[in-house]
Amino acid sequence: MTANGWLQILAFAALVGALTVPLGAYLHRVFEGDRQPLPRLLGPIERFAYRFCGVDPAREQDWLTYTASLLVFSLFGLLATYALERLQGALPGNPQHLPGVPPALAWNTAASFATNTNWQAYTPETTVSDLTQMAGLAWQNFTSAAAGIAAALAVARGLTRRGGPEGPATLGNFWVDLVRATLYVLLPGAFVVALFLVSQGVLQTLAPYREVTTLEGARQLLALGPVASQEAIKMLGTNGGGFFNANSAHPFENPTPLSNLVELVAILAIPAALTYTFGRMAGDRRQGWALFAAMALLFAGGVVPAYWAEAHPEPALRGLPVTAAGALEGKETRFGIAESALFATVTTGTSCGAVNASLDSFTPLGGMVPLVNLLLGEVIFGGVGAGLYGILVFVLLAVFIAGLMVGRTPEYLGKKIEAKEVKLAMLYALLFPALVLGLAGWAIVARPGVSSLGNAGPHGLTEVLYAFASGAGNNGSAFAGLAADTPFWNVTLGLDMLAGRFLMMVPVLAIAGSMAGKKTVAPGLGTFPTHGALFVGLLVAVIVIVGALTFLPALSLGPVAEHFLALHGKLF
Amino acid sequence: MRVAWIAARATLLSLLVLGLAYPLATTAVAALLFPGRAGGSLVLDEGGRVVGSRLLAQRFTSPAYFQPRPSAAGGGYDPLASGGSNLGPASQKLHDRAAADAARLLSANPEAGPVPAELVLASGSGLDPDISPAAALWQVPRVARARDLPAARVRAAVAAAVEERDLGLLGERRVNVLLLNLALDRQFGAPPPPAR
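Which chain is which? The protein sequence lines are A and B, in order.
Residue 323 in this note's numbering is what sits at position 270 of the first sequence, and the numbering runs on without skipping anything.
Residue 88 in this note's numbering is what sits at position 45 of the second sequence, and the numbering runs on without skipping anything.
None of these hints come from the bench; they were simulated from the model.
Okay, the calculated bits of chain A under chain B, using three or more residues with CB under 8 angstroms as the criterion:
hint : region
1    : 106-119
2    : 177-189
3    : 290-301
4    : 357-369
5    : 406-416
6    : 609-620
Even glycine gets a Cβ: it sits at the ideal position worked out from N, Cα and C.
Produce the complete structure using the sequences and hints provided.
Here it is in structure tokens:
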């Protein structure tokens with residue numbers, strides 16, 4: 054660990070903190086304001102989009118219509134991406150003349166990008182054409198991110214709108230949220246970030262792969278493509294699917310420490326800003342800051358041990374005539390230890406899943422940090438949108454538990470939380486571990502599951518656990534030693550991702566629908582305030598305890614066992 | 044039914060705008076503003092021949108050239124198979140591989156001390172173009188001997204090739220192996236081709 058390393062982490066945190074208010078206020082204006090930004094320029098485009106799609110932007114939707122719109126739109130995206138992958142061999146934009154993607158892999162990939170996961174069972178350089186990358190994968194990066202933001206807004210509206218006895222139980226209009234998220238936020242943001250990345254050396258070309266003769270006279274075939282346009286939305290949309298197999302470790306995706314910083318900020322900026330937006334929607338900014346504070350605490354709780362652990366050399370180097378300043382297997386020289394540990398923490402606290410180093414080669418405890426981040430439900434700023442609605446579920450649980458402790462009906466933002474909402478919240482909270490542990494349990498006793506493991510011993514279990522946590526959490530990063538392009542893994546992980554996205558999103562939207570109709574009561578003397586340090590502490594405790602109670606046994610058999618065995622010189 | 048109809052049209056519109064217009068517009072603007080970088084940061088030698096990308100590592104075997112970190116990308120430094128070894132931190136395979144590499148490096152660099160670990164540890168991309176200044180300096184005696192040069196002159200070439208942290212803060216100090224080797228060739232002439 055070096056002072057410079059800590060300084061880099063602090064500088065990054067300060068940058069995200071500084072962006073939270075202006076960006077959060079901007080998002081509030083875009084989605085809840087009466088006048089959207091740049092009305093002369095973007096207003097006509099927005100209205101054209103509504104006309105083209107046949108949408109009446111003034112018409113609000115109840116939760117069922119809102120959810121149905123989101124689900125059908127996602128389904129069409131999935132089908133279109135699948136078709137594109139299968140047919141790419143006959144389509145233009147394929148300078149390498151790659152054949153169609155095989156069915157199981159195409160299914161897995163389409164499910165992966167429609168759910169904002171971006172799990173990569175495929176090797177991009179030799180599997181998908183430029184057209185599939187642009188019009189399939191990068192396109193889904195935009196739409197799945199916009200759908201996530203929309204879902205978060207719907208949930209926020211359900212909780213914050215002042216409902217009366219006959220008040221409207223609507224959550225906004227999905228199509229309006231979708232168009233605005235794309236037009237005012239993701240598209241301009243991605244364009245600017247993409248050009249900055251090109252200035253750092255990220256590729257953006259439609260040329261075929263280039264063969265060169267190296268200085269020593271060997272031949273090297275350089276894989277090229279339209280990388281920057283995809284890289285930008287991959288970060289901004291917390292998608293994480295790399296243009297190349299090595300993802301953001303690849304110098305063509307992430308050439309300099311400066312591009313690395315911009316990619317990191319792009320991941321966290323919108324999720325962090327949405328907490329401020331939420332505070333504005335609640336009419337009480339402290340409500341947003343409380344969520345921000347809980348997320349920031351959990352973030353610090355991840356990045357500090359990750360950096361500490363990675364600053365120790367791999368146990369496998371013990372006894373060798375080498376000098377090591379940290380665990381460098383799988384890490385890039387230009388990023389070093391600090392930026393690799395920071396990236397791993399950021400990408401798994403959100404649902405991004407981009408990586409700038411091989412997580413599989415992290416030290417046992419350093420690699421446990423990203424895994425724990427996934428298992429806590431990716432609420433440490435979280436995915437665009439998914440992070441906000443994820444932590445709001447935990448907020449309801451925290452308020453409920455606080456209510457139980459003092460024997461009062463729990464309420465949040467003046468609305469009573471009743472049996473129905475708590476049941477739906479528990480459905481959300483239980484589905485995730487059921488998916489992860491159930492599928493991981495199956496995989497480690499099934500021959501087609503185990504035969505894909507890339508590492509022996511407890512590390513192999515960690516690979517399996519990580520894969521299903523990454524899928525269900527819609528993260529998409531991997532302990533990539535796992536050879537995941539097999540029918541077993543493609544199909545199970547495809548289902549894992551779809552269930553983790555939509556089966557979890559629906560109960561949350563149902564909560565929003567139910568809350569939207571409730572009347573708001575003024576806070577009384579016995580109301581538990583949800584904006585102070587006490588509440589932040591309680592919220593963090595609920596998140597950690599729910600996660601720990603569920604996953605501690607699995608973690609002890611994986612990374613914890615590996616750490617202690619390696620400490621005693623055992624290699625696998 | 045109405046929802047499906049809207050969704051179909053929204054799918055089509057977003058596909059055209061986000062899937063085609065946006066990347067094509069980005070490509071056009073990038074080609075205008077940063078033609079070299081958008082095209083892969085290709086590097087030319089003195090004769091104007093493209094010898095690679097400054098961002099991608101390539102294999103160097105001659106003792107007269109500085110060598111990059113080991114690569115797990117395909118058969119090594121293969122841009123079609125970017126990636127790391129994904130071996131766990133307590134993996135026996137990792138231990139054996141690093142031990143073999145360390146022994147090889149020590150016998151090729153008898154005058155140097157213990158091996159900087161990064162020279163036996165593969166990068167995440169398998170295409171890491173850089174090594175740390177320490178790992179470059181460690182190779183100086185070998186390169187100087189192979190080129191029949193005083194070590195001080197090679198050391199000066201390394202010092203001139205060191206890239207500082209971005210903005211004085213971000214990342215690590217580093218040396219681009221390909222650019223350093225090109226600079227050596229420019230200053231001292233190309234070494235004889237390695238025996239194959």
